[in-house]
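Enquirer: Which chain is which? The protein sequence lines are A and B, in order. With numbering that gives the first Met the number 0, the residue at position 132 of the first sequence is 131, and numbering never jumps. With numbering that gives the first Met the number 0, the residue at position 296 of the second sequence is 295, and numbering never jumps.
Keep in mind that the hints were calculated from the coordinates and are not lab data. Be a bit skeptical, because a hint or two may be false.
Derived SDA-like pairs: lysine to any residue, alpha-carbon spacing no greater than 20 Å straight-line [said to hold, decoys possible]: (1) B:Lys162 x A:Lys125; (2) B:Lys125 x A:Asp292; (3) A:Lys297 x B:Arg23; (4) B:Lys297 x B:Glu318; (5) B:Lys297 x A:Lys228; (6) B:Lys224 x A:Val203; (7) B:Lys125 x A:Lys125; (8) A:Lys125 x B:Glu314; (9) A:Lys297 x B:Leu216; (10) B:Lys297 x A:His6; (11) B:Lys125 x A:Arg23; (12) B:Lys162 x A:Leu216; (13) A:Lys125 x B:Leu216; (14) A:Lys297 x B:Lys162; (15) A:Lys228 x B:Asp233; (16) A:Lys224 x B:Val203; (17) A:Lys162 x B:Leu216; (18) B:Lys224 x A:Ser202.
2 protein chains.
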Amino acid sequence: MQNFVYHSPTVIRFGEGEIAQLARHIPEGAKVLLTYGGGSIFQNGVYDQVKAALKGMPFGEFGGIEPNPRYETLMQAVALVRNEGFDFLLAVGGGSVLDGTKFIAAAIGFDGLDPWDILAKQSPVKAALPIGTVLTLPATGSETNGAAVITRGPDKLAFVSDKVKPRFAVLDPATTYSLPPRQVANGVVDAFVHVMEQYMTPSVAPVQDRFSEGLLLTLLEEGPKAMAKPLNYDVRANLMWAATMALNGIVGVGVAQDWSTHSLGHELTARFGIDHGRTLAIVLPAMLRVRKDAKRAKLLQFAERVFAVTGGSEEERIEGAIAKMESFFQSLDVPTRLRDYGVEESAIDGLVAALERKGMTALGEDGGVTLALSRQVFEAAY
Amino acid sequence: MQNFVYHSPTVIRFGEGEIAQLARHIPEGAKVLLTYGGGSIFQNGVYDQVKAALKGMPFGEFGGIEPNPRYETLMQAVALVRNEGFDFLLAVGGGSVLDGTKFIAAAIGFDGLDPWDILAKQSPVKAALPIGTVLTLPATGSETNGAAVITRGPDKLAFVSDKVKPRFAVLDPATTYSLPPRQVANGVVDAFVHVMEQYMTPSVAPVQDRFSEGLLLTLLEEGPKAMAKPLNYDVRANLMWAATMALNGIVGVGVAQDWSTHSLGHELTARFGIDHGRTLAIVLPAMLRVRKDAKRAKLLQFAERVFAVTGGSEEERIEGAIAKMESFFQSLDVPTRLRDYGVEESAIDGLVAALERKGMTALGEDGGVTLALSRQVFEAAY
């Protein structure tokens, strides 16, 4: 096991009815800015619940944080916070709202010229506004970690900082009842691939491996149930908890991590607007096929423990597991090929060029995902 | 899933060499009291490592915290802290040192007459000194949780408070190389039973169940290896991490918990001085046999997923799994019967009377462990 630091200070308040307790968790006298997305919180009643919970506490609002939150949008919020003196950010929504709010929090405290440097130059975040979160879409794990992905022009980049870890996360599974099936499916795939990025490396670590396998098995079981029975509380709760655990850091401590599937997927979102979760479903099967030698032992373990594939040669077991994973994504109505999204094969040159421009020439846990290999993956995913 | 709050603020610093970084994690200007046990830290070099890491930072010392730390001993430390004005406690040792230090921290801040009320009357802990920990014995999980078990006369009682959760926990697996086999074995059993207390109830929760099963499987695999190959770093690391995860709260969120095995075990330690881990190995198999109807579904799941027992009738599978668990404890040289420890069967009356005196008349996740049932368990464990 590699040395590691694990720190997850977010207070998680999980369960139906927890939103009503919100006011207790916000520092007294705080000037709160409520941040949200495209307005689904008005349709599903969460806005009303939050407003009722804040009980006359005055708060400002900044809505319209889009999926794949954009720098330009978020900088408007930064200006609002500066002008109005907000000192606590309450993010209500899914991963995009949470990620965007993290950037707002970090940009306020940024002491350089352009807060985009937090992403483009990985300038360290020295201070940030405190954040609380009310999660409405289980997927990204953003509610308890320090990571955020922000888009500017054709660039979709990530930063990670302890300073933007939320103070609290309210997770009420009932808020997810009204999610469109497409978002549920995307969330299941996203959480699944988050686990895979931390698990599918040559590292050997029994606790982390078994936690990962437990999350993958849970997503395999509960994902289809959530699609079939959207109003089953326990299914929604299990899915929400699995997605949080998938990326709060606990399964990735002390092991090598990959994340090349995310890097390639981000290009597909940035260039073609494909939903984040769907890009992962396109890239991961191809990535595992192309990289099967570097990941052989763990792929065999994955085949046995997650998909119960134990018969046949090593090659057959590995391909059997990858095919089952692909079928699982497809069973959620998530297509797994680039062509399914109307992308032309000729676009691969541009994707590879974009990776090159960003210096993403040695991705993966071992740097083995070169530009040539990324090209192979895009081609295999076509 | 039940509603829950999960908050694990302890910064975990895991790995060989982490002790050397200790000074960074202690607030500047703090007046540190180093607490420890019977002196093993002088033999295994940990004291020297800690002293070197504190680099000339002046610190006081309080040694001699015994296994099953005693109120009277700890109150001496409380007096020392008051007299000398220490404001940070650095606990170096195993669960007893950590638990004892939590009581010292809480007793200092106690505003009533007798700090024993924190245990006897479960008086709330309103303030406590900050604590840092350097763990040398993986077993109790005390390094990242708010629980402590303290002994006074014939009473061994527990308290739990967020206020005594350690600020940091340094976990260096290399510090465990020199542990006597008996302590390694006790630690494995202790961690195993911590998981069982949270897992073996009728609750159905796939993430928590699979995390629990993952820890049990890890302990089954790595425990014997640690006995056979005491200097294998990865084995020690896996064991240390499993023991921490077993009781940092993560496997027990949102589910019913039992803890009756611990309550009965505490009586065996208080009356006969049997090591804590060993008392659990005595009580748990008997408890599961006596309570098999209340825990049937989970026992069958445990049989299948942890011990791969899938053949035979339900009764046979349940008994098969319990017998395998018992054999596992015995394989670590941990006897599993009361008679093995020289206790007379006639002592059972006194054990039951002690439970009655403490009001422990309806233990377990459902209150089903009545005095009559506890008697049955002690008899079955004889």
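Enquirer: List in ascending order the numbers of the hints, as given earlier, that are violated by the structure.
Expert: 1, 2, 3, 5, 7, 8, 10, 12, 13, 14, 15 and 17
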